[in-house]
Amino acid sequence: MAWDGGLYLDLFAHSLALLWVIVPAVLFGIVIGALPGFSAANTLIILLPLTLSMGLDVALAFMTAVYASTHLGGGIPAILVNMPGDGGSAATTLDGYPMTLKGQGQQALVLCFVASTVGGLVTSLAVVALLPYLAPLGLYLRSVEMVVVMVFGLVLIAAIASDDMLKGLIAGFFGLMLGLIGTDNIYSTPRASFGFLELYDGVPIIAALIGLFAIAETFSMIERDTIVPETAVDTSKPRWADTIDGVRMCIKYWWQIVWTAFIGMLIGIVPGAGATIASFVGYQQSRMFSKTPELYGTGHPPGIIAPESANNGVTSGTLVPLMAIGVPGGATAAVMMVVLQYQGIVLGPRMFIETPELAYGVFIYMTMSYVVMLFTILPLARYMSKVVSMPTRIIVPLIITLTIIGAFANREYMFDMGLALAFAVLGYIAVKTNYHVIGILIGVLLGPLFEQYLLRSLRIGQGDLTVLFSSTLGNVLWAMVALSLILPWLRSRQTRRAQDRDASAEAGHGSLS
Amino acid sequence: MASFDRLSRRAILGGALAAGPLLAAPFVLPRRAAAQAYPERTFRVVIPTGQGGGAERLARAHDAAWSKLLGQNFEYEFFPGAGGQIGYEMFVNRREPDGYNLLFGNMGPEMIMYAVQEPDYTFPDDYIYFCRTDIDDSAVFVRRDSEYESIEQVVDAAKQNPLNTAVSRIPHPASIGMLALGEQTQSEFNLIPYGGGNPTQVAVLNGEADIGALPIAGIVALSDQFRVLGVFSDRNILADKTENAPTVNAVFGTSLPDLSSSRSWAVHTAWADSNPDAFAKLADTAKQALESDEFRAAYEKTGAPIETIAFGDRETCTTYAQNMIELANRYKSVLSADG
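Chains A and B supply the protein sequences, listed in that same order.
Residue 1 is where the first sequence starts when you use our numbering, and the numbers rise one by one after that.
Residue 1001 is where the second sequence starts when you use our numbering, and the numbers rise one by one after that.
These aren't lab readings, by the way, just hints derived from the structure by calculation.
Since the model is a prediction, treat every value here as computed from it, not as a measurement.
Using N, Cα and C, we set each Cβ at its ideal position, and we do this for glycine too.
Any given hint might turn out to be false.
To be verified - A few chain A residues facing chain B, derived, Cβ under 8 Å:
#1 Tyr187
#2 Asp201
#3 Pro328
#4 Ala334
#5 Val335
#6 Val338
#7 Gln341
#8 Arg456
#9 Arg459
#10 Ile460
#11 Gln462
Whole structure, please, built from the sequences with the hints as guidance.
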C-alpha cells in the first residue's frame, strides 16, 4: 500500500474520461438526497441490476457519485423547509432553517454546498494519501469507545435543552424510550413492539424523521400562506452577491469545515457508525469549541457547516474498511461490496496489490464527484432559495405526497406511512408546546446504538461497569464529554458575571452622575 | 311427454358425458397448462438478512445460472433484524403462496431462532426448504497474531477465566458449539453477539474479543487476517485452506454434533404440495443450476471456497432443519432471554 504518484495521475485522468457518468450521477444523487426517505443505499439497491451490467470502473464511478451527492442533497430541504432529507442532515435544521427564517436561505444553501463539497473533497483526498495508515484506525474504536461517541451525540440533547432544561430532557428521554422499541440486542426477543412485525427492527428512522419534521412542518405551514413567515420572504431577484456572501462565510469558517470533516471521516471508518452520528457529533463539537455557543440554534453559520461537512466526511470514511479489510462501513458500502464481489474482486489488503487501480480508484472517483458537485450546485443556490416564496397551497400537498411515498419507499411497508403520520402529530404537538423535536429525534436515532454498544461493553466486562473506563482512548473521550458539558456552563457563567459587572458599573456610574 | 322425458333423460346423460370434460376443464386444464407455462413472471425473493451479506452474494451467484433455466428473473427484498424473524414472518404470512415468492435463508441459525422464539408459523407445514446450496461448518478462529495457537490453548485459558468470544448471534450453531465445548471441557466462554459476520470479524481483529466463532467460509476468505483453530464437524473439508485445523471432536474426544450453517431456497408448502409438477420444475432446475459450471465460477468469485457447495433436496433440508430445532431445544435455556 505504498504511495504511487503515477498511479494517482493515471486514475485522475481516467476519472475525467468517466465524467459522462459522474455528472448525471451527481445531479441524480442531489435530487434523490433532497427527497426525504430516499437514501443512497435504497437507490443503489434498486439500481443494482443496472450497475452489475456496467463495466466495473463505470459502476464504481456511478455509485460513488450517487453516494456522495445524496449527502449534499439532504441538506437542501433541511435548510429551506426544516425537513432533513436523511438522518445525516437532521442536525442541519438546527441553524439552517433559522437562517432561512431570517431571509438568508441562499447564504445557508451556499454554506451547506461548500461545506459538504469541500469537507468531502478534503477527506477523500486525505484517504487517498493516507489509506495505508487509516485502515487500522477504525480498529481503535471498540465498543467502549463507541459508547462515549454515542454519549457525545446524546449530550447534544442537554445543549439543545439549555433554554428549558426540563422540557428538553423530557423530549430526549421520550425519544430514547421510543428508540428502545424492537428486538433486544442479545437474544433478539421482541419488546414494546405491541405485536407489530414492522417494529421488530426498531422504530424506522425514515418514518420518524419524515413525520417529526417534514409532515409536522407542513401542518404548521398550513397556518401560513408561504413556507416561511412572509416577513422572511425575499421577493427580489436572485443575486450572485448572496452566493458570494455565503462563500465568504465559508472562508471565514474554513477551519470548521476541515476539522468537522475529519470527525466525519473517523466516524465513517468505524463499521456500523454513520452520517447521523457524525453530523450530531460534528455539531456538538463545533458548539463546544465555539466562543459563542449561545448563537448555535439561532441561524449561526458554523451550525450548518459542521454537520454538513461531517456527514460528507463520512462518505470516504465508510469505504476505508471495505477496501482495506473487506468489511463495509455502512449500508451503501455494503451494496458496493456486492458489485465488487460480483465482478470477482477480492476485497481486503490483497486488493491493493492485485488491483490497486480499483482500491484507489474509488476514492479518486469520489474526489472528482465532489469537484463536479461544487461547480454544478453552487450556481443553483440562487434559484433554489426561491422555493420558500412558493404558496403553501401548492407546496404542502406536494411535500405530503412525496414524503409519504418516501416513508413507504424505504422499507416498502404501508405501516410506515401511518407511522410517519403518527410521528407528524407528535411533532406538531411538540412544536406547539415548545418541546424540542430534535431532542426526540436524537433519542430515537442514537438510543438503540447507545444501547447496543453499552450492552456489548458490559458483556465484555462481564457486568463490571468499570469496563467503560478501561481504555485510554475511551478515557480521553470521557474527559472531552465532561469538558463539553462544563465548558459552555463556565462560559455562560463568565458572561453572566461580566454582564452583571457591566450593569452594576453602569448603575454606579449612573448614580454618580 | 314420455318421449320428451326419455329424450330429456338421454339428453341429460349424453350431455353430461359430453359436457363433463368441458365443465371440468376450467379446473383441470388451467392447472396442467399452468404447470407447463410455469414460471410466467419474475420471482420475488425474501432474504431475512441485510443487503451486501453472504446470503445475497450466494443467491445472486446461483440465480445467474438458475434464471436462464427458468427463463425468469429474480428480484430481492431484504428484511434484516430480529435474527431473521422479520423475513420469515414476511414470507410466510404476507407473501402469496403462488410459487413466485421464494425465500433464501440460512437454515442453521434461522431454525434455531424458530425454536427459541416460537413464532406463529410452523415448519414444515407453512414452508419447506427445497434446495440447499452449501454446508458451512462453524469454526473457532483467532487473528493471525493471537497468543492462542491451538484450540487446546484456548480451552486451557477458558478454564482459568471466561474467554470473550465474538459470535454473530446467541441463537446460532457456532454459539451452540462454544456452549457445548465449554460444557464438555469444563471451560467457560463469554459469548458476545455482534449481529453479523462482518462486525464479529472486526471484534476479533481489533482485539475486543479473544476469539471468534463463525461459519468457516467467511474466515477462509479473510485468511490473511485470521487463523482457524478448530472446526465443529466430523471432518474439516477445508483442511488445505485452514492449515489443517483439527476438528474439535478429534482434539477433545467429544461427540459434538455437526454445527453448520446451510443456506437454502424455500417456498410455501401449500403451493408445493398442490402444484407438484411446477414444484418439481422449480426444484429440478435449482439443482441443475447449482451443479452448473456457471454457478461454481460465480460462487468462487464471491470468495467462498467451492468445497462448501453441497446440494440437498427437500428431504435432506427438512431433516437438517429438524435436527437444528432439536439441538436448539436442548440448549434453549441459554439461547433465549427466558433462560
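Violations among the numbered hints, reported as their numbers in ascending order: none
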